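S.K.: Below are the chains, spelled out letter by letter.
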Amino acid sequence: MPRPLETAEHPETLQRVVIEPVSRVEGHGKVTLLLDEHRRVQQARLHIVEFRGFERFIQGRPYWEVPTLVQRLCGICPVSHLLAASKACDAFVVGDGPVPPTAVKLRRLLHAAQVVQSNALHFFHLASPDLLFGFDDDVAHRNILGVLQDRRELGLQGIKIRKFGQQVIEILTGKRIHGTGSVPGGFTQPLSTEKRAWMRAEIGHIIDWCAQTTDLARDLFLQNLPAHGDFASFPSMYMSLIREDGAADLYDGGLRVKDADGGIVVDHVDVHGYEDLIGEEVKSWTYMKFPFLRAMGPEHGWYRVGPLARINNATFLDTPRAEAARVEFMAFGGGKPVGASLAQHWARMIDTLHCAEVIAALLDDDDIVGTDLRATGTPKQEGIGVIEAPRGTLLHHYRINDDGIITHANLIVSTTHNNTAMNEAVRQVAATNFDGRALSEGLLNSIEVAIRAYDPCLSCATHAVGQMPLRIELVDGGGELVDVLCRHEDGVVEQLAPTSTPRHWPPSGGAP
Amino acid sequence: MTTPTTPSSPTTPTASARRLRIASCSLAGCFGCHMSLLDIDEALFDLMPFIELDRTPLTDIKHVSADGVDVGLIEGGVCNTENVEVLREFRARCRILVAVGACAMYGGVPSLRNGIPVAELVAEAYLREGLFSPQVPNDPELPPLLKAVLPIHQVVKIDVTLPGCPPPAAAFRELIMSVLEGRAMTLPPADRRFD
Numbered sequence: 018m019p020r021p022l023e024t025a026e027h028p029e030t031l032q033r034v035v036i037e038p039v040s041r042v043e044g045h046g047k048v049t050l051l052l053d054e055h056r057r058v059q060q061a062r063l064h065i066v067e068f069r070g071f072e073r074f075i076q077g078r079p080y081w082e083v084p085t086l087v088q089r090l091c092g093i094c095p096v097s098h099l100l101a102a103s104k105a106c107d108a109f110v111v112g113d114g115p116v117p118p119t120a121v122k123l124r125r126l127l128h129a130a131q132v133v134q135s136n137a138l139h140f141f142h143l144a145s146p147d148l149l150f151g152f153d154d155d156v157a158h159r160n161i162l163g164v165l166q167d168r169r170e171l172g173l174q175g176i177k178i179r180k181f182g183q184q185v186i187e188i189l190t191g192k193r194i195h196g197t198g199s200v201p202g203g204f205t206q207p208l209s210t211e212k213r214a215w216m217r218a219e220i221g222h223i224i225d226w227c228a229q230t231t232d233l234a235r236d237l238f239l240q241n242l243p244a245h246g247d248f249a250s251f252p253s254m255y256m257s258l259i260r261e262d263g264a265a266d267l268y269d270g271g272l273r274v275k276d277a278d279g280g281i282v283v284d285h286v287d288v289h290g291y292e293d294l295i296g297e298e299v300k301s302w303t304y305m306k307f308p309f310l311r312a313m314g315p316e317h318g319w320y321r322v323g324p325l326a327r328i329n330n331a332t333f334l335d336t337p338r339a340e341a342a343r344v345e346f347m348a349f350g351g352g353k354p355v356g357a358s359l360a361q362h363w364a365r366m367i368d369t370l371h372c373a374e375v376i377a378a379l380l381d382d383d384d385i386v387g388t389d390l391r392a393t394g395t396p397k398q399e400g401i402g403v404i405e406a407p408r409g410t411l412l413h414h415y416r417i418n419d420d421g422i423i424t425h426a427n428l429i430v431s432t433t434h435n436n437t438a439m440n441e442a443v444r445q446v447a448a449t450n451f452d453g454r455a456l457s458e459g460l461l462n463s464i465e466v467a468i469r470a471y472d473p474c475l476s477c478a479t480h481a482v483g484q485m486p487l488r489i490e491l492v493d494g495g496g497e498l499v500d501v502l503c504r505h506e507d508g509v510v511e512q513l514a515p516t517s518t519p520r521h522w523p524p525s526g527g528a529p
Numbered sequence: 281m282t283t284p285t286t287p288s289s290p291t292t293p294t295a296s297a298r299r300l301r302i303a304s305c306s307l308a309g310c311f312g313c314h315m316s317l318l319d320i321d322e323a324l325f326d327l328m329p330f331i332e333l334d335r336t337p338l339t340d341i342k343h344v345s346a347d348g349v350d351v352g353l354i355e356g357g358v359c360n361t362e363n364v365e366v367l368r369e370f371r372a373r374c375r376i377l378v379a380v381g382a383c384a385m386y387g388g389v390p391s392l393r394n395g396i397p398v399a400e401l402v403a404e405a406y407l408r409e410g411l412f413s414p415q416v417p418n419d420p421e422l423p424p425l426l427k428a429v430l431p432i433h434q435v436v437k438i439d440v441t442l443p444g445c446p447p448p449a450a451a452f453r454e455l456i457m458s459v460l461e462g463r464a465m466t467l468p469p470a471d472r473r474f475d
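Note that the protein sequences, when read in sequence, are chains A and B.
The first sequence finishes on residue 529 if you use the working numbering, and the numbering steps up by one all the way, no holes.
The second sequence finishes on residue 475 if you use the working numbering, and the numbering steps up by one all the way, no holes.
FYI, nobody ran anything at the bench for these hints, they're computed from the structure.
Please note that a few of the clues may not be correct.
Simulated DEER-style distance windows between Cβ atoms [stated by the list, open to error]: (1) G191/A <-> M465/B: 21 to 29 Å; (2) E345/A <-> E365/B: 27 to 35 Å; (3) E332/B <-> D419/A: 53 to 61 Å; (4) Q166/A <-> M465/B: 44 to 52 Å; (5) M465/B <-> D167/A: 29 to 37 Å; (6) L242/A <-> Q434/B: 29 to 37 Å; (7) G280/A <-> E365/B: 28 to 36 Å; (8) E345/A <-> R463/B: 52 to 60 Å; (9) T393/A <-> E409/B: 48 to 56 Å; (10) M465/B <-> E211/A: 49 to 57 Å.
Partial selection, computed: residues in chain B whose CB lies under 8 Å from chain A [what the hints assert, rightly or not]: (11) H314; (12) D321; (13) P337; (14) K342; (15) C359; (16) Y386; (17) P390; (18) E400; (19) P423; (20) D439; (21) M465; (22) P468.
Computed from a prediction, not measured in an experiment: that's the story for all the values here.
Here a beta-carbon is modelled for each residue, glycine too, at the ideal position from N, C-alpha and C.
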């Protein structure tokens with residue numbers, strides 16, 4: 018059933034307004050608004066207009082290429098894909114056996130560093146101009162250079178927090194972006210005592226800066242109440258990884274889903290059962306799918322992921338300063354999950370502070386300079402890896418054949434989980450703010466502010482493949498597909514063998 | 281000991297009459313090149329008196345200014361008709377157009393899809409078993425996909441290339457400094473390799 022404002026009945030009679038590209042986010046998206054003669058919105062959609070094809074084109078490649086190949090999905094959070102793929106591909110080396118503790122800790126360190134850098138990038142470089150200067154600030158000024166100009170110390174602090182995260186990544190993987198280090202079965206190189214000492218010397222003031230930024234994000238939200246609290250605020254469910262004891266865990270654990278009142282819908286779900294938990298809906302107007310809890314269906318089963326979900330879901334955080342901040346955040350919501358889209362900036366900085374403290378704790382652990390880095394075991398032919406990427410739950414699923422060649426791949430990335438929520442945020446702002454007043458740049462930016470709160474990584478979300486202008490299927494009386502015609506964008510019509518269609522996919526045999 | 285690299289701050293370039301105007305975009309890329317540009321870290325602050333940002337993912341300017349900019353940075357290859365339009369806008373309005381990184385130069389990882397029929401790609405994503413309302417997204421708002429991911433030089437003329445996946449921050453800094461100082465760009469071997 019269509020949601021209110023998702024689909025207008027007579028779009029041909031309405032005025033089309035487009036925001037393209039959505040800016041200060043990563044990747045390619047656009048928003049279309051259809052307005053009636055009273056300048057009220059009748060239809061509002063966030064379209065993801067690009068795709069890649071990773072799930073298909075990595076088939077036929079050896080699994081050991083996969084982690085470094087799929088991290089090219091995203092240059093902002095490459096480590097997320099490196100680690101989710103490594104975790105999934107661990108099964109192809111160690112089976113159900115363990116990866117050495119030092120390797121796990123190095124991966125955790127790498128992951129925490131990346132959350133710090135990615136969250137800092139989002140808060141300072143992308144979102145802060147809206148929060149510091151207002152949604153309708155001058156376009157020429159509403160960017161990171163404007164922040165550096167007006168709030169020099171703050172802007173530089175943000176750059177330095179991000180820089181530290183990138184430096185840790187470089188230490189562990191050789192490069193700040195698209196390095197190597199984590200591999201199926203473990204990690205490639207140990208951490209030297211010198212570099213550990215350097216990081217330990219730096220992390221103290223990084224934690225302090227993250228704590229200061231958490232306070233700033235909180236104050237920006239609370240000082241702008243009720244406006245920021247009401248802006249794109251709606252109830253939803255929340256999904257994230259959770260440790261056995263209920264602590265938020267960004268690297269491992271089971272899935273927890275809470276409802277809008279804080280009731281636990283499911284808990285500690287083994288990620289290997291994700292296909293039973295999560296379904297995906299396809300819509301004609303966007304390349305990004307819409308995940309939902311199968312048990313509740315697409316209309317009611319949608320949820321949010323990311324820092325807001327992690328903080329709303331956690332029973333506690335296992336580091337002291339972040340836990341104190343979480344308690345304060347939850348007190349604002351009266352113990353119930355906070356549903357305001359703009360509260361995500363506050364939650365995101367608590368998340369950042371948490372990861373900075375996690376870095377300190379990992380560096381204090383002598384295991385981190387251990388040299389037992391790789392394990393072997395009895396390999397399996399199917400692997401699933403799930404982590405909490407900066408933007409939320411990230412899932413990689415692969416199967417291989419006897420030669421170690423990928424035969425099946427499925428990726429559900431963080432931003433995709435938030436698809437319904439981002440569209441809901443767009444519709445809320447459109448319904449509230451487009452009340453007949455004249456269109457202005459600032460008004461249009463308010464739509465983008467709502468999207469930006471989700472820190473969408475639209476590049477990640479476009480890993481899925483394929484649209485074409487026209488596809489015709491001939492089905493015989495028995496329901497069997499007998500012919501497929503495809504017209505390409507250049508007008509060339511191609512006849513495709515029915516065997517190349519999904520009904521015969523994935524190929525039988527191959528994987529268990 | 282060696283601490284991680286940070287490009288040093290730029291020396292004060294010769295004062296120019298006006299700031300260097302820079303535009304950038306990511307086509308079929310991952311934004312890693314843009315992140316590497318930001319890896320100049322605090323040097324961004326030092327560059328502020330000498331540059332201004334036009335259309336980039338970091339600003340809300342949606343089109344390259346009609347009166348033109350000095351440098352256009354293109355990340356990513358060309359995968360759909362919208363990429364073609366954006367690339368042509370950049371070519372028309374940028375004095376120096378730069379192919380940044382492996383994807384813009386050669387197509388890169390996304391071009392691994394080249395050679396696989398589009399219909400097969402589509403089927404894998406949107407028609408496979410288990411999906412709710414499987415269908416091929418076909419709304420007019422979605423730009424049609426090209427049959428292959430192309431390097432940008434197959435669509436427009438380019439002036440400069442920055443190799444790497446991504447090019448290191450030092451290469452971006454050298455590019456900007458060389459244009460500011462009106463000299464040829466020189467990259468040491470360490471800053472012009474792919475991995």
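S.K.: For each hint, tell me whether it holds in the structure or not.
M.R.: The hints, checked one at a time:
1. The beta-carbon spacing between G191/A and M465/B, approximately 25 Å, falls within the hinted interval of 21 to 29 Å.
2. In this structure the supplied range 27 to 35 Å is violated for E345/A paired with E365/B, their Cβ-Cβ distance being about 48 Å.
3. Take E332/B and D419/A: their Cβ atoms lie about 58 Å apart, and the range 53 to 61 Å holds.
4. A hinted range of 44 to 52 Å for the beta carbons of Q166/A and M465/B is inconsistent with their spacing of about 28 Å.
5. Distance hint for M465/B and D167/A: a CB-CB separation of about 32 Å, consistent with the stated range 29 to 37 Å.
6. In this structure, L242/A and Q434/B break the distance hint of 29 to 37 Å, their C-beta atoms being roughly 53 Å apart.
7. The supplied range of 28 to 36 Å is broken by G280/A and E365/B, whose beta-carbon atoms lie about 48 Å from each other.
8. Range check, E345/A to R463/B: Cβ separation about 54 Å, and the 52 to 60 Å hint holds.
9. For the pair T393/A and E409/B, the beta carbons lie near 34 Å from each other, so the given range of 48 to 56 Å is not met.
10. A hinted range of 49 to 57 Å is violated for the C-beta pair M465/B and E211/A, which are about 34 Å apart.
11. Among the interface hints, the one on H314/B holds; its C-beta lies about 7 Å from the nearest C-beta in chain A, closer than the 8 Å criterion.
12. Proximity of D321/B to chain A holds as hinted, the smallest CB-CB distance being about 5 Å (cut-off 8 Å).
13. Nearest Cβ of chain A to the Cβ of P337/B: about 6 Å, under the 8 Å cut. The hint holds.
14. With 8 Å as the threshold, the beta carbon of K342/B comes within range of chain A, its nearest partner Cβ sitting at about 7 Å, so the hint holds.
15. With a cut of 8 Å, the hint placing C359/B at the interface with chain A holds, because the nearest CB-to-CB distance is about 7 Å.
16. This hint is violated: Y386/B has a C-beta 13 Å from the nearest C-beta of chain A, more than the 8 Å allowed.
17. Because the beta carbon of P390/B sits about 5 Å from the nearest beta carbon in chain A, less than 8 Å, this interface hint is met.
18. Given the 8 Å rule on beta carbons, the hint for E400/B holds: about 5 Å separates it from the nearest Cβ of chain A.
19. About 6 Å separates the beta-carbon of P423/B from the nearest beta-carbon of chain A, less than 8 Å, and the hint is met.
20. A least Cβ separation of about 23 Å between D439/B and chain A goes past the 8 Å threshold, and the interface hint is therefore violated.
21. About 21 Å separates the beta-carbon of M465/B from the nearest beta-carbon of chain A, more than 8 Å, and the hint is not met.
22. About 16 Å separates the beta-carbon of P468/B from the nearest beta-carbon of chain A, more than 8 Å, and the hint is not met.
Hint violations for this structure: numbers 2, 4, 6, 7, 9, 10, 16, 20, 21 and 22, all remaining hints satisfied.
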